[in-house]
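Engineer: Sequence:
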Amino acid sequence: MKFKVGDKVLVTSGKDKGQKEEIVKVFPTQDKVIVKGANMYSKHIKPIGDKPGDKVRRERPMSVAKIAILNDKGEVDRIGYKVAKDGSKERIFKKTGQPVPALDKKKLKK
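Residue numbers (this note's numbering): 1 to 110.
None of these hints come from the bench; they were simulated from the model.
All figures in this text were calculated on a predicted structure; none of them were measured in a lab.
Some hints here could point you the wrong way.
In silico DSS-like pairs for lysine-lysine, Cα to Cα no more than 30 angstroms straight-line [what the hints assert, rightly or not]: (1) LYS66 / LYS2; (2) LYS66 / LYS15; (3) LYS73 / LYS55; (4) LYS20 / LYS95.
Based on the provided sequences and hints, a complete structural model is requested.
Structural biologist: Structure, rendered in structure tokens:
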């Protein structure tokens, strides 16, 4: 799967069509991702003991066919790979040829 956590994407179909947000979680075996604030649903939580019941809004996973990555200019683009001479692979935008910015792993843990 070419999408990674932290990529800015555009939702291309469904009730959230046109929404521009970032990917929160990736499920590569299912070809699904969770996009922040998209494909929301309400989960009803039963009251247990002295804790009251509640309605919580959560994101559901959505298919990667319903999203498109956004490049640095905010345009829809595709992801390609460039292999360096040392053998390392780098993700690039196909339209511009620029590398896809990598997510800072320190920010991810917070």
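Engineer: Now tell me if each hint is right for this structure.
Structural biologist: Now the hints, each set against the structure:
For the hint pairing LYS66 with LYS2, the CA-to-CA distance comes to about 14 angstroms; that is within 30 angstroms, so the pair holds. With a C-alpha separation of about 11 angstroms, the suggested pair LYS66 and LYS15 falls inside the 30 angstroms cut-off, and the hint holds. Under the criterion of a C-alpha separation no larger than 30 angstroms, the hint pairing LYS73 with LYS55 is inconsistent with the structure, at around 38 angstroms. Taking the CA atoms of LYS20 and LYS95, the gap is about 19 angstroms. The hint holds against a cut of 30 angstroms.
In this structure, the one hint that does not hold is number 3.
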